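I would like the entire structure built from these sequences, with the hints used as guidance.
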Amino acid sequence: MKRREVIKQMFVMAGGLLIASSCDFSGKKASIALQNIDFSADDEELLGHLVNVIIPEGDSPGGKSLNLHLFVMKMLDDCASPEQQEAFLVGLKKCHKESSNDDAKLLAYLKGLPEDDQFATMLKARTLQGYLNSEYVMTNKLIYELVPGRYDGAVKINA
Amino acid sequence: MANLNIDSVKDRSYDAIVIGSGISGGWSAKELCEKGLKTLVLERGRDVKHIKDYPTTNMNPWEFEHRNEMTFADKQENPIVSRCYAFHEDAAHFFVKDKEHPYVQDKPFDWIRGYQVGGKSLLWARQTQRWSDFDFEGPQRDGFAVDWPIRYQDLKPWYDYVERFAGIAGDKDGLPELPDGEFLPGYPLNVVEKYFKQSVEKKYPERKVISARCAHISKPQPIHIEQGRTQCQNRTLCQRGCPFGGYFSSNASTLPWAAKTGNMTLRPDAVVHSILYDKDKGKAIGVRVIDRNSKEEIDFYAKVIFVNAAAINTNLILLNSKSERFPNGLGNDSGTLGKYVAFHNYSARIYAEYEGLSDFTTAGRNPAGGGYIPRFRNLHKQETDYLRGYAAGFGAWRSKNSDRSGWGEELKNSLLNPEWGNWGVGSHMMGETIPKEASYVALDKSQQDDWGIPLLHISVDYDDNDAKMKKDYLDTMEEMFTEAGFTNIRRDENSQAPGLDIHEMGGARMGHDPKTSVLNKWNQMHDVPNVFVTDGAAMTSTSTQNPSLTYMAFSARSVDYAVNELKKGNL
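Sequence lines, in order, name chains A and B.
The C-terminal residue of the first sequence carries number 159 in this note's numbering, and the numbering is unbroken.
The C-terminal residue of the second sequence carries number 571 in this note's numbering, and the numbering is unbroken.
One or more hints might be untrue.
Some but not every residue of chain A turned toward chain B, in silico, with C-beta under 10 Å [unchecked claim]:
| id | residue |
| --- | --- |
| 1 | Ser40 |
| 2 | Val53 |
| 3 | Gly62 |
| 4 | Ser65 |
| 5 | Pro82 |
| 6 | Lys111 |
| 7 | Pro114 |
| 8 | Gln118 |
| 9 | Phe119 |
| 10 | Met122 |
| 11 | Tyr131 |
| 12 | Glu135 |
| 13 | Tyr136 |
| 14 | Leu146 |
| 15 | Gly149 |
| 16 | Gly153 |
Derived DSS-like pairs: lysine-lysine, alpha-carbon spacing no greater than 30 Å straight-line [stated by the list, open to error]:
| id | chain 1 | residue 1 | chain 2 | residue 2 |
| --- | --- | --- | --- | --- |
| 17 | A | Lys111 | B | Lys521 |
| 18 | A | Lys156 | B | Lys521 |
| 19 | B | Lys521 | B | Lys567 |
| 20 | B | Lys197 | A | Lys156 |
| 21 | B | Lys400 | A | Lys64 |
| 22 | A | Lys93 | B | Lys75 |
Read the hints as simulated data drawn from the structure, not as lab findings.
Here the structure is a predicted model, which is why all the values come from computation and not from measurement.
Backbone N, C-alpha and C define an ideal beta-carbon position, used for all residues, glycine too.
Structure below.
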């Protein structure tokens, strides 16, 4: 029981920190309802640019049109620890300051971050998870079979 | 009023009661109902109807809110069940959450449970390897536990019987240590699994790599069609429940079959408190149930009772069935009830890569999971510094990878055009553990669960024998991997607690002697002739094989015996 209370408190503390560190220039909230993180509309807009920088629009849809920014927000909110959430928001805040919503600047900024940067690592991992598991990719590019109906243990690869 | 009471007792009286609706309870129910007994099946969890109650079964990956990941809060709330490989968004609703039924871990033990109609038969890994006399003779030959009161020939016709109905895919391999059965066509080994088989069998002729036998309908027979089941479609999404009935579960197979006889009354949400014993009659007369939701107490009565609550809960019910005659638990004159609990040692894995056969891959998915290496250690005689041995799974897979280091267009291109990597190969150990008196479950003296039933202490641990066996498994597999030319070999010694194998066994073991065992050779209580235990609790030793098939055979065999005895007026 004690441990559970400690965890609960961690949530409360982290929640407090998160609200404080979240950028909220306009006072507008994000477009999706979340449980733990108070993302602002500005955060959402920046994340929309970031997922598009990671997976750009082109012949096929990019991060923003696949709503990967909303997916990143959702996963951060539900599946990350309070410490990870805090680290992500700290990273997002820095990103707001240093590169605004200019895609070229954002790409340079991401590339310039150290390899073990927590914010970039989480952002990229969740973006890629959302992309590769998107309906678009799984039905048009890397086809997922719900009902294979077969198993062949020796298929020759046509090189 | 008196008449009303008599009527009420009559309404609550059956020929037979089955406690539990999982893999063994489903079989007990089917057999009892087919033999014409009015049978009450008690299930502590909610009802789960075949197909109708498989909410995730046809969902695509992108339709899961968290793409099949559990949330941080779920993991925090459920450290135990979160360690189970199948506890994900698609099947979490079939697992008991940690706080729903707490227990006391005197030593770390991951107790993984499925409280619903069908129990864990919805979730099992569907591996169905028979036992042989190398297993049944183990305790006697090696001097541990007590001698099994049966041998392979006692069980063989019942293995045949349950296999034909359940649908078991497998090859006839002709191995005395893993007897052949009534098989549907086996699933093929893939090219690298076959290559490993050849490599192993050439160098070590006594070691075999075969296709794992599994409870999947590879080719439906009339008996399967009659159950409303059809061919396995190789989805390998079994833990969600199968809309084709492609794998065996109580929900798809035995329970609907039992229901069709008109003899089954299925009562979900019925938590069994205890078995009622009548001293004057010298037998059990019924079962006390606490309604899961209303907490109302209700007694049901029957001539014969089958306990199939899953190994540890069967122990809990028997230990909690106290009476003047049995102050330490029903049928516990021997004092062994709750003791000699054992499990399978699954605490080691090994992985590697194979650079050969690079122009081959696989298509579709293999429900059998790949290869199976039957126990070869200490098979014919004792040859190592530890007792018994291990079986092992072996699988090979080919996947495409992409470079994820870049950003932007380059990254997107790389993700959408993955390239073939090397074959991956892996194996996991399935070690026999030795049942010991010191490995036990026991009732807590003061703490109770939400239904007024004492919390259970579990005190089970690995021992020195397990440690030696684990080292041998890893060394031996590494040697065979090296021999086969596999590279980048990685030993995973990341021990898991007992229990996570989900093969907990024993506590109400079978034996010849009422002084040292709880059940006789018919799974019948030595001390209470109309109570039968045919789930994992009955196991005298564990062998290495996945045990569910043996529970099915025990259930069918035991019901046959019980009904004959009932007809003769002996129960």
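Using the nearest Cβ pair, does Met122 of chain A come within less than 10 Å of chain B?
Where the cut-off is 10 Å and the nearest Cβ of chain B is about 13 Å from Met122 of chain A, the hint is violated.
Holds or violated: the hint that Ser40 of chain A contacts chain B, with Cβ atoms closer than 10 Å.
violated, 22 Å
Let me know if the C-beta of Tyr131 of chain A comes in closer than 10 Å to any C-beta of chain B, holds or violated.
Holds, because the Cβ-Cβ distance from Tyr131 of chain A to chain B comes to roughly 7 Å (cut-off 10 Å).
Holds or violated: Lys400 of chain B to Lys64 of chain A, with C-alpha atoms at most 30 Å apart
Roughly 26 Å separates the two Cα atoms, so the pair holds.
Does Glu135 of chain A pass the interface hint, meaning its C-beta sits closer than 10 Å to a C-beta of chain B?
holds, 4 Å
For the pair supplied as a hint, Lys521 of chain B and Lys567 of chain B, is the alpha-carbon distance within the 30 Å limit?
Answer holds: Lys521 of chain B to Lys567 of chain B is near 19 Å, not above 30 Å.
Taking the least C-beta to C-beta distance, is Phe119 of chain A closer than 10 Å to chain B?
With a minimum Cβ separation of about 14 Å from chain B (threshold 10 Å), the hint on Phe119 of chain A is violated.
Identify whether the interface hint at Leu146 of chain A stands, where standing means a beta carbon of chain B within less than 10 Å of its own.
holds, 6 Å
Pair hint outcome, Lys111 of chain A versus Lys521 of chain B [Cα-Cα no greater than 30 Å]
Violated: Lys111 of chain A and Lys521 of chain B sit about 70 Å apart, past 30 Å.
Please verify that hint: Ser65 of chain A, Cβ, nearest Cβ of chain B, below 10 Å or not.
Violated. Min distance 13 Å.
Given Lys111 of chain A was flagged as interface, is its beta-carbon under 10 Å from a beta-carbon of chain B?
Interface hint status for Lys111 of chain A: holds (6 Å vs cutoff 10 Å).
Go through the hint on Gly153 of chain A and say holds or violated, using the shortest Cβ distance to chain B against 10 Å.
For Gly153 of chain A, the interface hint holds, since the closest Cβ of chain B sits about 3 Å away, which is under 10 Å.
In terms of the numbered hints stated before, the structure departs from hints 1, 4, 7, 8, 9, 10, 17 and 18, listed from lowest to highest.
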